[in-house]
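Given the coordinates of chain H, work out where chain Y should sit on it, guided by the hints.
Same order as they appear, the protein sequences are chains H and Y. Letter 254 of the first sequence, counting from 1, is numbered 254 in full-length UniProt numbering, and no numbers are missing. Letter 92 of the second sequence, counting from 1, is numbered 92 in full-length UniProt numbering, and no numbers are missing.
Take these hints with a grain of salt, some might be off.
Chain copies aren't distinguished; within one or between two, either way the pair holds.
[To be verified] Each computed SDA-like pair below joins lysine to any residue, with the alpha-carbon atoms no more than 25 Å apart:
{"hint": "1", "residue 1": "251", "residue 2": "155"}
{"hint": "2", "residue 1": "251", "residue 2": "313"}
{"hint": "3", "residue 1": "320", "residue 2": "269"}
{"hint": "4", "residue 1": "73", "residue 2": "164"}
{"hint": "5", "residue 1": "43", "residue 2": "56"}
{"hint": "6", "residue 1": "73", "residue 2": "197"}
{"hint": "7", "residue 1": "344", "residue 2": "181"}
{"hint": "8", "residue 1": "292", "residue 2": "305"}
{"hint": "9", "residue 1": "320", "residue 2": "234"}
Keep in mind that the hints were calculated from the coordinates and are not lab data.
2 protein chains.
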Amino acid sequence: MQELTEKDIQAIEIGAGILGTGGGGNPYYGKLHAIAEMRRGAKVRLMSLGELDDDALVISVGNIGAPAVSMEKICEGNEIVRAVRAIEEEVGRKVDAIIAVEIGGANGIRPAAIAAIMDLPLVDGDGMGRAFPEMQMTTFSIYGHCSMPAAMSDAHGNTVIFKHLVSELWLERLARSCVVQMGAGAGMVEAPMSGKFVKQYAVPGTVTQARNLGLAVMEANKANLNPIEQICRQENGQVLFEGKIVDLERKMVAGFTRGNLQLEGIANFSNEQASVDIQNENLIFRINGEVKCSVPDLIIILDIETGHAITTEVLRYGQKVAVLGIPCHPLLRSSRALEVVGPKAFGYPDVSYQPFEQN
Amino acid sequence: MQELTEKDIQAIEIGAGILGTGGGGNPYYGKLHAIAEMRRGAKVRLMSLGELDDDALVISVGNIGAPAVSMEKICEGNEIVRAVRAIEEEVGRKVDAIIAVEIGGANGIRPAAIAAIMDLPLVDGDGMGRAFPEMQMTTFSIYGHCSMPAAMSDAHGNTVIFKHLVSELWLERLARSCVVQMGAGAGMVEAPMSGKFVKQYAVPGTVTQARNLGLAVMEANKANLNPIEQICRQENGQVLFEGKIVDLERKMVAGFTRGNLQLEGIANFSNEQASVDIQNENLIFRINGEVKCSVPDLIIILDIETGHAITTEVLRYGQKVAVLGIPCHPLLRSSRALEVVGPKAFGYPDVSYQPFEQN
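Only chain H is shown next, with the shape it has when bound in the complex (with noise of 0.2 Å):
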């Protein structure tokens, strides 16, 4: 176990930005809600898989809404907190310690402060290994771990449990209606899991790796190097397309945040046209037409001067960026991860899940 320093966190803010590629809401508020309670004396202490006790109950837990709203209705803080009080009292026990359901974005540092004011053990691990828009897309649910009962709770201390449900697509459906009603934003947690299950099934390591992500953009920032390159070293990645943003749609459907970018290359990619399409996360990357990466395989849109990511709803006209191409977690490339996180799940049944490095 290992107790994180605030350091620590910021790099965490910005690898959780970089692995969230494009989505799970903007890490900036997280970060300053774990600081904050760090300085209230609360500890984030960091448990290795392997330090987790088979018969440990485990529960994940993240914030549920559209990334463009969660930048103006901030969290109240404690919407995660009651949620999982609200999943104790239902199984009639005391959960051992909190995961991340996602490692992308805010959801990858909230369950620090989560961890934190809770005094609970944070896993080193999350249910994604990047971000996703919808809550039936872990590897917790894909390798078969019944989300019910699950709990949401709003700002306001709303809290419903979704007792009984016959799929997980039924949990995204529920809460999701409920939390276009919560003004787009709530906690939620899912039924907790034993140590068993997660030291299987989480993608291992998440919140180490975001870390370690943040802190090479960082010395490379400090050490005037190139912290693309850097980034690419670490995570096997590689850069797809350097260009300016020259259009940009973004609208707010049910719930979440869709659209589509238009990119002119700049440097290498000169006379080139590139576009991601954006369900909350970047889905496709596509060259003059031709996909050249998709999910579950990690598109990440970076600033070209700092190596930080930029999120969704923080795209503007005219900005530079490169594109990166990073593996995603084996557990996503199965056929049965593929068949829930794959092109086909987000609505594009003419595009073939190729692993992007084959492209």
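Relative to the frame of chain H, chain Y by itself:
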């Protein structure tokens, strides 16, 4: 305690249809359900308010959804039973009796089937003394009962618990958005009440009232008497209009049936025009543009020949109908009640409620 017969159930179907003021869903399927249970040997035991123990646990039950949908998407039958079981688990105690959330329409008779299945007494009363479209519109909520924890369950077995919500309006909001996802039909139960509270704030004797109304119509039909006169006599009602439906607008909006009905007068009402505004139930009745009767008083559209109620979803162009006004129960005429169920609560800022018998 009194055991209901098949004839009673048939009479309640007719009476609940009349008291539904156009909404609450068509009681036909609920009648079939109750009779099927009785033929299997189950009993519907009617308990008067006076027989209720002060510390008995009474749960109010009904279906939530759009009446128009309930005609085609028939209940699976155990939706409400599952919701009751979920609440019993939630509060850690078995309930002692059930009460209809509303006596009007389908919810006036379905509880008889549920009482039979669960072998629980059915309390002779309800929370509306008619039907209303929204959940906060019960005398229980109006007079201070908190509906949470409430539960809903659909035909698939999806069960959601509204554990803690900051107001009754939030229950309406969240349950409504869930039921839209559930195909606009689900069983819904609210937190149990004490017998003491129910004795004070339930609209009393309404199951018996519905039965007696139905028996009066059945007898009038048999004896070739005017059933509408019988209804008026029994309920202090008044024929507000007789006419032909000359225009009908009806659509599904956000899980509700909304619409407007235009009538051209016949007999004593020749050369007069009338209209009825609808949100599941008949809300506002006008003659030549002037409001003659409004919620919470009962505006009832009857087949002019048979005296049977015509619910919103079976209104048709060309039907000859009588429009009846019946005074609502005094519990609905207090200023506290009118804030929740008066014309303003339904979006008519310019209509001031007046007991219709004073118009």
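Quick rundown of the hints versus the structure:
Taking the shortest Cα distances, residue 251 and residue 155 sit within 25 Å of each other inside one copy (24 Å), while across copies they are farther apart (34 Å). Proximity of residue 251 to residue 313 under the C-alpha cut-off of 25 Å is restricted to the intra-copy arrangement: shortest distance 10 Å within a copy versus 36 Å between copies. In this assembly of identical chains, residue 320 and residue 269 lie within 25 Å of each other by CA distance solely inside one copy; the values are 12 Å within and 75 Å between copies. Taking CA atoms no more than 25 Å apart as the test, residue 73 paired with residue 164 passes between copies only; the shortest distance there is 22 Å, against 30 Å inside one copy.
In this homomeric assembly, residue 43 and residue 56 come within 25 Å of each other (Cα to Cα) only inside a single copy, at 20 Å, whereas the closest approach across copies is 48 Å. Neither within a single protomer nor between protomers do residue 73 and residue 197 lie at most 25 Å apart by alpha-carbon distance, with minima of 35 Å and 40 Å respectively. In this homomeric assembly, residue 344 and residue 181 come within 25 Å of each other (Cα to Cα) only across copies, at 23 Å, whereas the closest approach inside a single copy is 29 Å. In this homomeric assembly, residue 292 and residue 305 come within 25 Å of each other (Cα to Cα) only inside a single copy, at 23 Å, whereas the closest approach across copies is 72 Å.
In the homo-oligomer, the alpha carbons of residue 320 and residue 234 lie at most 25 Å apart inside one protomer (23 Å), although the nearest pairing across protomers, at 79 Å, exceeds that limit.
When held up to the earlier numbered hints, the structure conflicts with hint 6 and nothing else.
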